[in-house]
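Visitor: Residue-level listing of the chains:
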Amino acid sequence: MEHDINKIREVISRSPADPSSLITVLQDIQREFHYLPCEALKETAKALYVPLSKVFSASTFYNAFSLTPRGENIIRVCQGTACHIRGADQLLEQLEIGLKIKAGQTTPDMKYTIEIVNCVGACAMAPVMIVNNKYHANVRCDRAMRLVKRG
Amino acid sequence: MRVDSVEKLDRLRDDYRKAIDTQKKRIAVCLGPGCLAMGSDVILKEFKKVLADKKIKDVTVESVKKTGCHGFCARGPLVVIEPEGIFYTRVKKNHVADIVEKTLINGEIISKLLYIDPQSKKQITDYREIPFYSHQQRISLRNVGQIDPDSIGDYISSGGYSAMAKALTSMTSQEVIDEVTKSGLRGRGGAGFPTGRKWETCAGVESDTRYVICNGDEGDPGAFMDRCIMEGDPHSVLEGMIICAHAIGSRQGYIYVREEYPLAVINLQTAIDAAREYGFLGENILGTGLNFDIKISRGGGAFVCGESSALMKSVAGEVGEPRAKYIRSVVKGLRDQPTVLNNVESFATVPVILNKGGEWFASVGTKKSTGTKAFSLAGKINNTGLIEVPMGVTLREIIYDIGDGIPKGRKFKAVQTGGPSGGCLPEDKLDLPVDFDTLTEAGSMMGSGGMVIMDDRTCMVEVARYFLEFLVFESCGKCVPCREGLYQLYRLCTKICEGEATEDDLESMERLSKTIQIGSLCGLGQSGPNPFISTVKYFRDEYLAHIRDKKCPGGVCRKLITYRINDKCTGCLACLDVCPVDAITGKKKEIHVINTEICDRCGACYAVCTFDAIDIE
Amino acid sequence: MNYRFVVNPSLCTGCRTCELACAFYHTKNKKPGRSRIYPIAHAPDKFVPVTCLQCDDAACARSCCFDALKRNEITGAIELNLEKCVKCRACVAACPFGCALIDEVHDEIIKCDLCGGNPACAAFCPTKALEYKKIEVKAAPARQTA
Amino acid sequence: MIDIQLNGKMVKAEEGEMLLSIIRREGIDIPALCDHEAIEPCGACRLCMVEITRKEWEGWKKHVTSCLYPAEDGLIVNTHTEQVMEIRRTILDLYLARCPNSKVIQKLAEEHGVVKTSFEKIPDADNCIMCYACTRICEVLGRSAISAVYRGHDKVIAPPFGEEPPDCIGCLSCAMICPTDVIPWQDENGVRTIWKKKFDMIACEKCGKEIITRDFADYLISSRNIPEDYFKICDDCKRIDLANKMGSIILQAEEAAL
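Protein chains in written order, with this note's numbering: chain A, 1 to 151; chain B, 1001 to 1617; chain C, 2001 to 2146; chain D, 3001 to 3258.
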């Protein structure tokens, strides 16, 4: 998937051109393109005077970043302790069966990606599922797919 | 609108306070994480729409505003109407018109929205009388749920920035440090290192650059106190950091916020921009010559970055791998400069310590753990939510008096505190006071304040496996005991859960745990085996049940249990539709049957059955 | 540091005793190392004993990215710290005189270190073509700069 | 100079000197797989852990990695206590599960009485013991061509995107420093291959002998200001040139003296 190089440079230029803004730049790229395209990382390495190997290490170290394109709708299932003991596993399994993909994967039609998050801080309303920044509380496992389709 | 003197600040505070007509109604809609997940933002919009149409805004209603987490998430979405403190629970969009009509205009109370105390069966109007709140004492959460986080005016009128003004204009750095030391404040992140001594050491190191860092990573699953403070009262964190900057002489501060808290980043940034505009950040603060600015550093999503040296690497734009802290970060931290790193809650508490004095703070709580601590109650408990209690309160008071016990009348089994570095304490430990040292002696740890309550439907071996799986995923992978040791510990724990382990597997796990605790480079590894060690210590019989009788008393480990439908089944087809492997057969209104060969024991049927018709052996 | 390693090629008969002495001095686990000094004939029966000139601004030390080549202030020799050396051969390629070389026997990089202040080759040279003697400081000849 | 007590014997040391170098100087042998003189200590393998205490700690003791712990006056260090040996045995046991067929690990483990791993062997395990010597040496070199990627148990050493590392100059430092020789490389008819990247070697203009790659030479020229023509011929030919040049000077001097 080609990306306009100027767009990439514009995103990178939003932060100061020094190594300490690497994480911020990667997050801006992730937000802009929903993943970290290979050429964007090469541009970042040049722009911030950081070796490409360190940029690649950071892109694979942090959970927020994905090196492969993600679906339009990101479904994040919380697996925090509270959610885990209030049925997050069953919730995740229903989604994996409903969308026929495993956690961390994207549906072939690039519409849905399931991701596991370790805790989103809404433990009082466990189990929690987030569809594109919309929080859903006390999700019963059989209602998961309906909430996803509704978006 | 630059405030460049104490007098101007005090005058501003009086103006704000005078502007509010205390007789008029003030509506506060809770937009904390829990209520937000239940759609409280829609309710706020509805209030604004209804009030705008009615054009009564100026007569009876002073303001409609959003607040941070009010605390009682289980009863969310929450609406509070001041000055009476009317506490409406589980408010829906269609209730808004009634509330405006009845309560705001006619002053009537809508009883069906009130909280009914399960013990006394009495309806309580004013939230301050509800047991959930009356047992609490809020210091770091003093403004959370009371003020609008986006309004610096709200914060100032509640007394905000007065401590900063006092520190900057009438206290020397050493006096500020002495006051914090006298208060006995210990780090709220969980390590409990005396904050006064940390500031003193850092101030004593010769350097022209020092950093103040606020640790908002809160990676512990099941903990959301920091999130609520950052989202609900961001200015208190800024004020705490400015006071610290004055104490140690720093020009630059960072707030490290985890990637999973986007709203906290937004609210903090709004607060920073407002503080800069008012001159509380930037050059020559309050005309005292202190130059100090704060930048937000967004985490990338790594639990290990809660550890201070890994966090500093992440702020410097590198991979979050901890370093051996034989040279402490107060001497050489961020970019090898002296750095003070404290937790969100610690900074939010500092202004109160300066305003009310160190002795007052030391008088709260216990001798060695002074002041109060915020906890997030979650898991199998009726009153899930955010609380703050003095140190020394017992677990029983928190779980039963405030938390109102276990739902569906099930039996309490364990309380998990301290997240993946903490442990699980059984029923006979409920009378232990909660503070830094007592829980640690009992094999768990107070930690950052996450408290997850477990009932008899939880398997403690599976909980240990869950934490080990979490740590294997979150370990940075740098040192051998943690990368390899925790992985092997996890593999062995999984073997126990699948009933294929032997007793000397258990013994080798205990031996391996010792090496991981002593050998690991950072806190993640050193405390990684704690959940396993504490569950083996208090629930050894469950481990032996898995190993010897291949049984799972909690009914969770999939390889060791079987699901059967009993005669309470009403034939509602709910479980039949949800079963992923179609192992359930039966017609509508007839008792269904689970084919135990096909069933892969995923537990979906048990989750959806509302008639308690499924037994687990 | 007022000792100098003085080479007088015209006295060199090419008998290679110095090579022998150097190799045996650097014996390691019972195997003699490769010599750091080479009497090379530039004309029939005319030899020049070629070894490291311990340059002031040594190209070998400059080329070493791992700080493994350092001057010993007492003997004046640039010594190779084998603990630090990762055998990347930068110095072998960079030395303009080819006096940093590879010892295949011990599989390591070698260069003359003046035997720590008492060069074996000078001790055994029969014709005094090689000498390690005290020189008045003011008369010390300028060093070869690379 | 400060004094520390090492296994009961009083020893002199520099302030701030790492314990491991003192221990080694005293001839005590303790394992340290991820330590190397050319790179900063990083405390990854934890094998060099020792027990430390002080008189004023009244019996309380701590275990630290000696490669990273700076010596302080009055420190009491024990390198072979039962707990320390237990840590080493367990770590080597874990290493045996991670790299079952690595000779270095097998030998070291046997020396500590661990013959077979008591844990589950890692599927398709290679001999990389994740000591990060290769990535650190490349960083000291100034190229940082390779790095440790991913996190936790699936952390591996790799070039960016698993492709040919653009910053690699083929100097082989990583392959040479690796304690278990895991990094494959080849020199074949004038071409060096490492990390799937091909490098032309510089052939000596006179005899064709190859020493380093063209990229490595260019790097030394640009960043260590070594004149370009030093790389044109090999060390053997340079010595012969030196002898001839020196010889011709002598001959002229002799003729002038006649």
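Worth flagging that the hints you see were computed from the coordinates, not collected in a lab.
Think of the CB as a built atom: it goes at the ideal place given N, C-alpha and C, for glycine as much as any other residue.
Take these hints with a grain of salt, some might be off.
What the hints assert, rightly or not - Dumping the calculated DSSO-like pairs for lysine-lysine here, alpha-carbon to alpha-carbon at most 30 Å:
1) K3062(D) with K2087(C)
2) K1018(B) with K1008(B)
3) K3198(D) with K2030(C)
4) K1551(B) with K1588(B)
5) K46(A) with K3012(D)
6) K1588(B) with K100(A)
7) K2084(C) with K1332(B)
8) K3198(D) with K2084(C)
9) K3107(D) with K2028(C)
10) K3245(D) with K2133(C)
11) K2070(C) with K3012(D)
12) K149(A) with K1049(B)
13) K1112(B) with K1008(B)
14) K1514(B) with K3209(D)
15) K1024(B) with K1112(B)
16) K1408(B) with K1514(B)
17) K2087(C) with K2028(C)
18) K3009(D) with K2087(C)
19) K3061(D) with K2028(C)
20) K1332(B) with K3198(D)
21) K1166(B) with K1408(B)
22) K134(A) with K100(A)
23) K1408(B) with K1093(B)
24) K149(A) with K1551(B)
25) K1092(B) with K1408(B)
26) K1495(B) with K100(A)
27) K2031(C) with K3198(D)
28) K102(A) with K1537(B)
29) K1332(B) with K3196(D)
As the list claims (entries may be wrong) - A few chain D residues facing chain C, derived, Cβ under 8 Å:
30) M3001
31) I3002
32) E3037
33) A3038
34) G3142
35) M3176
36) I3212
37) L3242
38) I3250
Visitor: Hint by hint, say whether it matches the structure.
Guide: Here's how the hints hold up against the structure:
Our distance criterion of 30 Å between C-alpha atoms is broken by K3062(D) and K2087(C), whose separation comes to about 38 Å. Distance restraint check for K1018(B) and K1008(B): the Cα-Cα separation of roughly 15 Å lies within the 30 Å cut-off, and the hinted pair is therefore satisfied. Of the supplied pair hints, the one linking K3198(D) and K2030(C) is violated, its CA atoms being roughly 39 Å apart against a limit of 30 Å. Straight-line distance between C-alpha atoms of K1551(B) and K1588(B) comes to about 33 Å, which puts the hinted pair past the 30 Å bound.
Distance restraint check for K46(A) and K3012(D): the Cα-Cα separation of roughly 48 Å exceeds the 30 Å cut-off, and the hinted pair is therefore not satisfied. For the hint linking K1588(B) to K100(A), the alpha-carbon distance of about 28 Å falls within 30 Å, and the restraint holds. A hinted pair counts as satisfied when its Cα atoms are at most 30 Å apart, and K2084(C) with K1332(B) qualifies at roughly 27 Å. The suggested pairing of K3198(D) with K2084(C) holds, with an alpha-carbon distance near 27 Å, which does not exceed 30 Å.
In summary, the hint linking K3107(D) to K2028(C) is supported, as the alpha carbons are separated by about 23 Å, within the 30 Å threshold. Between K3245(D) and K2133(C) the alpha-carbon distance is near 25 Å, which keeps this suggested pair within the 30 Å criterion. Restraint check: the Cα-Cα separation between K2070(C) and K3012(D) comes to about 25 Å, which is no more than 30 Å; the hinted pair holds. Pair hint K149(A) plus K1049(B) holds up; C-alpha atoms about 29 Å apart against a cutoff of 30 Å.
Distance restraint check for K1112(B) and K1008(B): the Cα-Cα separation of roughly 47 Å exceeds the 30 Å cut-off, and the hinted pair is therefore not satisfied. Distance restraint check for K1514(B) and K3209(D): the Cα-Cα separation of roughly 55 Å exceeds the 30 Å cut-off, and the hinted pair is therefore not satisfied. Distance check on the hinted pair: K1024(B) and K1112(B) sit about 24 Å apart at the alpha-carbon level, within 30 Å; holds. For a cut-off of 30 Å, the pair hint linking K1408(B) to K1514(B) is broken: about 39 Å separates their Cα positions.
The hinted pair formed by K2087(C) and K2028(C) meets the criterion: a straight-line CA distance of about 18 Å does not exceed 30 Å. Under the criterion of a C-alpha separation no larger than 30 Å, the hint pairing K3009(D) with K2087(C) is inconsistent with the structure, at around 37 Å. Of the pairs offered as hints, the one joining K3061(D) and K2028(C) is violated, with about 41 Å between alpha carbons and a cut-off of 30 Å exceeded. Distance hint between K1332(B) and K3198(D) is unfulfilled; the C-alpha atoms sit about 42 Å from each other, more than 30 Å.
Only pairs whose Cα atoms come within 30 Å are accepted, and K1166(B) paired with K1408(B) is rejected, the gap being roughly 51 Å. At most 30 Å may separate the alpha-carbon atoms for a hinted pair to count; K134(A) and K100(A) meet this at roughly 22 Å. In summary, the hint linking K1408(B) to K1093(B) is supported, as the alpha carbons are separated by about 28 Å, within the 30 Å threshold. Distance hint between K149(A) and K1551(B) is unfulfilled; the C-alpha atoms sit about 39 Å from each other, more than 30 Å.
Of the supplied pair hints, the one linking K1092(B) and K1408(B) holds, its CA atoms being roughly 24 Å apart against a limit of 30 Å. Restraint check for K1495(B) and K100(A): the C-alpha separation of about 28 Å stays at or below 30 Å, so the hint holds. Taken as a hint, the K2031(C) and K3198(D) pair is broken in the structure, with Cα atoms around 36 Å apart against an allowance of 30 Å. Note on K102(A) and K1537(B): the hinted pairing is violated, with a Cα-Cα distance of about 36 Å set against a maximum of 30 Å.
With a C-alpha separation of about 40 Å, the suggested pairing of K1332(B) with K3196(D) is violated against the 30 Å cut-off. Of the supplied interface hints, the one on M3001(D) is violated, with its beta-carbon coming no nearer than about 20 Å to a beta-carbon of chain C, more than 8 Å. A distance limit of 8 Å between C-beta atoms decides the matter here; for I3002(D) the minimum to chain C is near 24 Å, and the interface restraint is violated. Taking 8 Å as the C-beta contact cut-off toward chain C, the hint placing E3037(D) at the interface holds, the least distance being around 4 Å.
Given the 8 Å rule on beta carbons, the hint for A3038(D) holds: about 4 Å separates it from the nearest Cβ of chain C. With 8 Å as the threshold, the beta carbon of G3142(D) comes within range of chain C, its nearest partner Cβ sitting at about 6 Å, so the hint holds. A distance limit of 8 Å between C-beta atoms decides the matter here; for M3176(D) the minimum to chain C is near 5 Å, and the interface restraint holds. Checking I3212(D) against chain C by beta carbon gives a least distance of about 5 Å; that is within 8 Å, so the hint holds.
Of the supplied interface hints, the one on L3242(D) holds, with its beta-carbon coming within about 5 Å of a beta-carbon of chain C, less than 8 Å. Below 8 Å, beta-carbon pairs count as interface contacts, and I3250(D) has one with chain C at about 6 Å; its hint therefore holds.
Figure legend: structure checked against the earlier numbered hints; hints not met, in rising order: 1, 3, 4, 5, 13, 14, 16, 18, 19, 20, 21, 24, 27, 28, 29, 30, 31.
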